[in-house]
Amino acid sequence: MKPYVWSALNVHVHGLQHLDNLSAPFVVIANHSSHLDANLIFGALPRRLSRNLSAGAAADYFFNHKLRAFGTRLFYNAFPVDRGGMRAHRGMSGKLLDEGIPLLIFPEGTRSRTGAMAKFKAGPAGLSIKHQVPILPIALVGAYAAMPYGAKLPVPGRPDVHVVFGNPQRARGGETIADFSERMYRYVVELHDTTARAYGMPTQADFHRAVALRAAASKEALTAGTEEPPSEDASS
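Quick note: the sequence shown uses UniProt numbering, first residue 1, plus one each step.
Don't take each hint at face value.
Unchecked claim - Have a look at the derived ranges for each label pair, beta carbon to beta carbon:
#, residue 1, residue 2, range
1, Arg48, Gln132, 38 to 46 angstroms
2, Asn21, Gly174, 19 to 27 angstroms
3, Gly200, Ala224, 33 to 41 angstroms
I should point out that these hints are in silico values taken from the structure, not numbers from a laboratory. Computed from a predicted model, the values in this text were never measured in an experiment. No residue lacks a Cβ here, since even glycine has one placed at the ideal position from N, Cα and C.
Construct all of the structure, not just a fragment, from the sequences and the given hints.
Following this line, the structure appears as C-alpha cells:
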C-alpha cells in the first residue's frame, strides 16, 4: 500500500532518531481518525521494525467476513481484537508479544468521526507492563483532513500528512496501568499539537472546540424546533 498512499499524500516523517535503539517486541500506539492511519504507520517505520508488525483489528468487523479477513491479514498482518464483551480471542496480544511480534494497537478503540482524540483504553499500557515491552507513541497529523470519516479515497491534491515518532516509553516505578495510559494519551496529544502548530494545522483543542460548537448548535436547533408557537390573540 505504501506506493499508493505516498503518491496520494505528501507524507512527512519526524522523529526517526527515536527509533535507533528500538527492537521487537514493542507496542505501537497512535491516534486514529482515518483509514489511512495503519498504512501511514507501516510505511513510515523502518523495514526492520515493520517487517513483522501485527495490527490489531476489531474481530466483530474485520474478521466476520472471509474476504475482508483475508485482506486485513494480507495487508496488515492483522490479528483479531475483541470488543463489546467478546472473549473468543482473549490473550492473543500477549501471546504474540511473548513470541517477539511487535503490535500496532489504536488505544482509542475506534476511529474518530471528528478528528478529536478520545481517551485511551488501558489495554496497550497493561500489555506493556505485563510483558515488559516498550510502547512506541506516534502522532498522525493531517490524516483526518486527508481522508475523513466516510470518505472512500484520500482527497485530491496530495494533502500534507505528518507521522511523528515519539520516544519509546515504559511505565515508571510504581506507575499504575491507568496512570501510564493517561500519560501516553497526553504524550500523543503533545506530539500531535506541537507538529500541528508548527505547520498551521488544527490542534486537538481545535478539534474538540469544533465538536463542542456543533453539539451546541445542534442542541439550540433542537430546542428551537420544539418550542410552541405563540398563541393567537382571541380578539384578533
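Outcome of the hint check:
1. Arg48 - Gln132: 38 to 46 angstroms: 21 angstroms Cβ-Cβ, so the 38 to 46 angstroms window is violated.
2. Asn21 - Gly174: 19 to 27 angstroms: Given a distance of about 24 angstroms, which is inside 19 to 27 angstroms, the answer is holds.
3. Gly200 - Ala224: 33 to 41 angstroms: 36 angstroms, holds
Comparing the model with each numbered hint stated earlier shows that hint 1 is the single one that does not hold.
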